[in-house]
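Colleague: Each chain, letter by letter, is given below.
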Amino acid sequence: NAGVIQTPRHKVTGKGQEATLWCEPISGHSAVFWYRQTIVQGLEFLTYFRNQAPIDDSGMPKERFSAQMPNQSHSTLKIQSTQPQDSAVYLCASSPTNTGQLYFGEGSKLTVL
Amino acid sequence: GQQVQQSPASLVLQEGENAELQCNFSTSLNSMQWFYQRPEGSLVSLFYNPSGTKQSGRLTSTTVIKERRSSLHISSSQITDSGTYLCAMDPGTGSNRLTFGKGTKFSLIP
Chain V
242 NAGVIQTPRH
252 KVTGKGQEAT
262 LWCEPISGHS
272 AVFWYRQTIV
282 QGLEFLTYFR
292 NQAPIDDSGM
302 PKERFSAQMP
312 NQSHSTLKIQ
322 STQPQDSAVY
332 LCASSPTNTG
342 QLYFGEGSKL
352 TVL
Chain D
14 GQQVQQSPAS
24 LVLQEGENAE
34 LQCNFSTSLN
44 SMQWFYQRPE
54 GSLVSLFYNP
64 SGTKQSGRLT
74 STTVIKERRS
84 SLHISSSQIT
94 DSGTYLCAMD
104 PGTGSNRLTF
114 GKGTKFSLIP
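Quick mapping for you: the protein sequence lines, in order, are chains V and D. The numbering of the first sequence is my numbering, which starts it at 242 and goes up by one. The numbering of the second sequence is my numbering, which starts it at 14 and goes up by one.
Chain D on its own, in the form it takes in the complex (with noise of 0.2 angstroms):
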């Protein structure tokens, strides 16, 4: 079965409005990552190994490794933000040999 699971497989909002993405992991895992995938392609971390509550700007990622599950929350959403936002684990390899989920696209209307 699937690892990762994201959640919702996509979300449209209006401009301004909140966001919250969510990744549940099936096994046990080391750590895991966000990403932001942008419309032509190219990937950017957004939170490495995120233990609790960290935010970034907008962004603030809740991570229980315990539970196996954590949250992204996209706060006042920007057309800036449309995307794919992927979570992916290190079920224990002990490196970046990372397993993704399918992702959650994300797409704003002005």
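Here chain V stands alone, though its shape is the one from the complex (with noise of 0.2 angstroms):
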């Protein structure tokens, strides 16, 4: 059991440009989540899809952020025109059901210059 797959682990892009990290979940479980974290506001719900369907997005910045989950071995977060204020750890977790125990991912940490 390889674990929640993420990459790249560090990407570092200039203002403006976009960027997209890669959620691989376990294999078999149905629900997958996204969370931010920084220092300053700590660790953060984004959005969550349950059997790759999106359940709540509640967490997400209106403009500029999106989440997809095309097939059942990887989500994606994209983030379009990328401000300095995105820099964070970006953590990807999934879980057998949409609830019980929550396994993360290693992060990527985007730097926006």
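For the record, the hints were derived by calculation from the structure and aren't laboratory data. Note that the structure is a prediction, hence the values are computed from the model and not measured. Honestly, I wouldn't trust all of these hints.
[Said to hold, decoys possible] Below, computed lysine-lysine pairings styled on BS3-like, alpha-carbon distance capped at 25 angstroms:
{"hint": "1", "chain 1": "D", "residue 1": "115", "chain 2": "V", "residue 2": "350"}
{"hint": "2", "chain 1": "V", "residue 1": "252", "chain 2": "V", "residue 2": "319"}
{"hint": "3", "chain 1": "V", "residue 1": "319", "chain 2": "V", "residue 2": "303"}
{"hint": "4", "chain 1": "D", "residue 1": "67", "chain 2": "D", "residue 2": "79"}
{"hint": "5", "chain 1": "V", "residue 1": "350", "chain 2": "D", "residue 2": "67"}
{"hint": "6", "chain 1": "V", "residue 1": "350", "chain 2": "V", "residue 2": "303"}
[Claimed, not checked] Okay, the calculated beta carbon distance ranges per label pair:
{"hint": "7", "chain 1": "D", "residue 1": "92", "chain 2": "V", "residue 2": "280", "range": "40 to 46 angstroms"}
{"hint": "8", "chain 1": "D", "residue 1": "92", "chain 2": "V", "residue 2": "254", "range": "25 to 31 angstroms"}
{"hint": "9", "chain 1": "V", "residue 1": "304", "chain 2": "D", "residue 2": "31", "range": "26 to 32 angstroms"}
{"hint": "10", "chain 1": "D", "residue 1": "53", "chain 2": "V", "residue 2": "309", "range": "26 to 32 angstroms"}
{"hint": "11", "chain 1": "V", "residue 1": "261", "chain 2": "D", "residue 2": "53", "range": "19 to 25 angstroms"}
Don't be surprised by glycine CBs; every beta carbon is placed ideally from N, CA and C.
Make one complex out of these two single chains by using the hints.
Modeller: Structure follows, in structure tokens:
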């Protein structure tokens, strides 16, 4: 069991560029979650999918952020026109159901210059 | 206001001492979880929806959902316990859409 895999581990972009982050959940897990961690705000929920369907995106900034889960083996988080305040560690997690023990990936550290 | 309050914000102990971490919730909750974040950033689930007292090795979680509080006890702390301990709650969504505390940063002195 490889755990939740996130790529890239580090990404540096210039202001205004697009960033796409990938997540491969644990095989067989039906729920996939995206969180964001900053020093100031701590860990914040962004969005989650159950059986690939978007269930709750109430934590997503309304503009520039989008998430998809085209198949059961991966999810993407896309940030358009990145801004310095988007700099954070983006964490993906999966669980066997939408409740239950949550398994996190190593995170993708995004730095926007 | 902050829904999940953790205390202390930081804790420095000598190796071998016991540690007590607290988590208080300002709203009602369905369930809660404890996580450990390693210094390099990876997150590990320690206890999922503990009620009452549960033990795993040197870690003991005591949770009283009705009183909206939980504690994490680390006995005979070791250098490898260093890191940040986070508690998180499900405020009633019935999912892992969790609200996290800011964490307790735990450091050990040899």
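Colleague: Each of the hints needs a verdict: does it hold here or not?
Modeller: Here's how the hints hold up against the structure:
1. D:115 to V:350: holds, 19 angstroms
2. V:252 to V:319: Between residue 252 of chain V and residue 319 of chain V the Cα gap is close to 13 angstroms, so the pair holds against 25 angstroms.
3. V:319 to V:303: holds, 12 angstroms
4. D:67 to D:79: Holds - the C-alpha atoms of residue 79 of chain D and residue 67 of chain D are around 17 angstroms apart, at most 25 angstroms.
5. V:350 to D:67: Violated, because 34 angstroms separates the two Cα atoms, which is more than 25 angstroms.
6. V:350 to V:303: holds, 21 angstroms
7. D:92 to V:280: 40 to 46 angstroms: For residue 280 of chain V against residue 92 of chain D, whose Cβ atoms are near 24 angstroms apart, the range 40 to 46 angstroms is violated.
8. D:92 to V:254: 25 to 31 angstroms: Violated, at about 37 angstroms.
9. V:304 to D:31: 26 to 32 angstroms: Violated - the Cβ-Cβ distance for residue 304 of chain V and residue 31 of chain D, about 48 angstroms, lies outside 26 to 32 angstroms.
10. D:53 to V:309: 26 to 32 angstroms: holds, 28 angstroms
11. V:261 to D:53: 19 to 25 angstroms: holds, 23 angstroms
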